[in-house]
Amino acid sequence: MDWLFEGLWTILIVGVVIEIILGLILLNTGRAVVLVAMIGVAALVGVAAIVERIVVTDREAVTGALQGAADALEANDIDALFAYVGPEAQALRSRALQELPRFRIKEAKVGGLKVTVNRVHNPPTARTELIGTFKVQDKKQQVPYENYVQRFAIRWRQEGDRWLMVDYEEGTRGE
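In terms of our numbering, the numbers along the sequence shown are unbroken and rise by one, the last being 191.
Be a bit skeptical, because a hint or two may be false.
[Stated by the list, open to error] Here are the simulated EDC-like pairs of lysine to aspartate or glutamate, each with C-alpha atoms no more than 20 Å apart in a straight line:
#: 1; residue 1: K151; residue 2: D87
#: 2; residue 1: K130; residue 2: E162
#: 3; residue 1: K151; residue 2: D183
[Claimed, not checked] What follows is a set of in silico ranges between Cβ atoms, one per label pair, in the way DEER data are often shown:
#: 4; residue 1: V126; residue 2: E162; range: 35 to 45 Å
#: 5; residue 1: G176; residue 2: R47; range: 50 to 60 Å
#: 6; residue 1: L60; residue 2: A91; range: 36 to 46 Å
#: 7; residue 1: E185; residue 2: Q83; range: 27 to 37 Å
#: 8; residue 1: I70; residue 2: L129; range: 14 to 24 Å
#: 9; residue 1: N44; residue 2: V126; range: 24 to 34 Å
#: 10; residue 1: T132; residue 2: G176; range: 15 to 25 Å
#: 11; residue 1: V30; residue 2: V126; range: 57 to 67 Å
#: 12; residue 1: A53; residue 2: H137; range: 13 to 23 Å
#: 13; residue 1: V72; residue 2: G46; range: 40 to 50 Å
#: 14; residue 1: A91; residue 2: G56; range: 27 to 37 Å
#: 15; residue 1: E90; residue 2: G46; range: 54 to 64 Å
#: 16; residue 1: A99; residue 2: R47; range: 28 to 38 Å
Source of the hints: derived by calculation from the structure; they are not laboratory data.
Idealized CB from N, CA, C, for every residue including glycine.
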């Protein structure tokens, strides 16, 4: 059922298709009851669109946390980045503290995102697979390139209403 709340386009497309079918029926029959049905479908699509905007699925929450971490990277704000990192993710924290002061990150983009949520675990966990694209400037001017593209897999754990990174792998491919 998550698919219904993952994107507004599904709701709108289904609503438009139903409205077109009802419009054709109205043209052929001229019955007022079809017009009432069209108004009902339009109202239902409106309510569904509002509900879709209100409901935040686990996938959307993980994607939002990932985007928040990317925004923190772009702002070159390690403390803001660590707000998305669990306390047990020492390897990730160490790597960030080692690498980030050396570079000024101009841009951090997420592409090819795949999110898998596992609610069987307590607390729930998730895994994201993505391609990270970064534009960086080496403050010491020792690295001759400014673009860095890498595949990542990140493991997440839900803590209350937040999702936190607990581990990561570089250079991974989807299974």
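To see whether the hints hold, each was checked on the structure:
With a C-alpha separation of about 13 Å, the suggested pair K151 and D87 falls inside the 20 Å cut-off, and the hint holds. The suggested pairing of K130 with E162 is violated, with an alpha-carbon distance near 26 Å, which exceeds 20 Å. Pair hint K151 plus D183 does not hold up; C-alpha atoms about 23 Å apart against a cutoff of 20 Å. Between V126 and E162 the C-beta distance comes to about 18 Å, which lies outside the given range of 35 to 45 Å.
Distance hint check: the CB atoms of G176 and R47 are about 53 Å apart, consistent with the given range 50 to 60 Å. With their beta carbons about 42 Å apart, L60 and A91 fall inside the hinted range of 36 to 46 Å. Distance hint for E185 and Q83: a CB-CB separation of about 20 Å, inconsistent with the stated range 27 to 37 Å. Hint check: I70 to L129, Cβ distance near 23 Å, so the stated range 14 to 24 Å holds.
Taken as a hint, the range 24 to 34 Å is violated for the pair N44 and V126, whose Cβ atoms sit roughly 48 Å apart. For T132 paired with G176, a C-beta distance near 21 Å keeps the hint of 15 to 25 Å intact. Separated by about 28 Å at the C-beta atoms, V30 and V126 break the suggested range of 57 to 67 Å. Between A53 and H137 the C-beta distance comes to about 45 Å, which lies outside the given range of 13 to 23 Å.
Taken as a hint, the range 40 to 50 Å holds for the pair V72 and G46, whose Cβ atoms sit roughly 44 Å apart. Here the CB-CB span from A91 to G56 is close to 47 Å, at odds with the stated 27 to 37 Å. Distance hint check for E90 and G46: the Cβ-Cβ separation is about 58 Å, which falls inside the suggested range of 54 to 64 Å. Between A99 and R47 the CB atoms are about 58 Å apart, so this pair departs from the stated range of 28 to 38 Å.
Hint check: violations occur at hints 2, 3, 4, 7, 9, 11, 12, 14 and 16; the rest are consistent with the structure.
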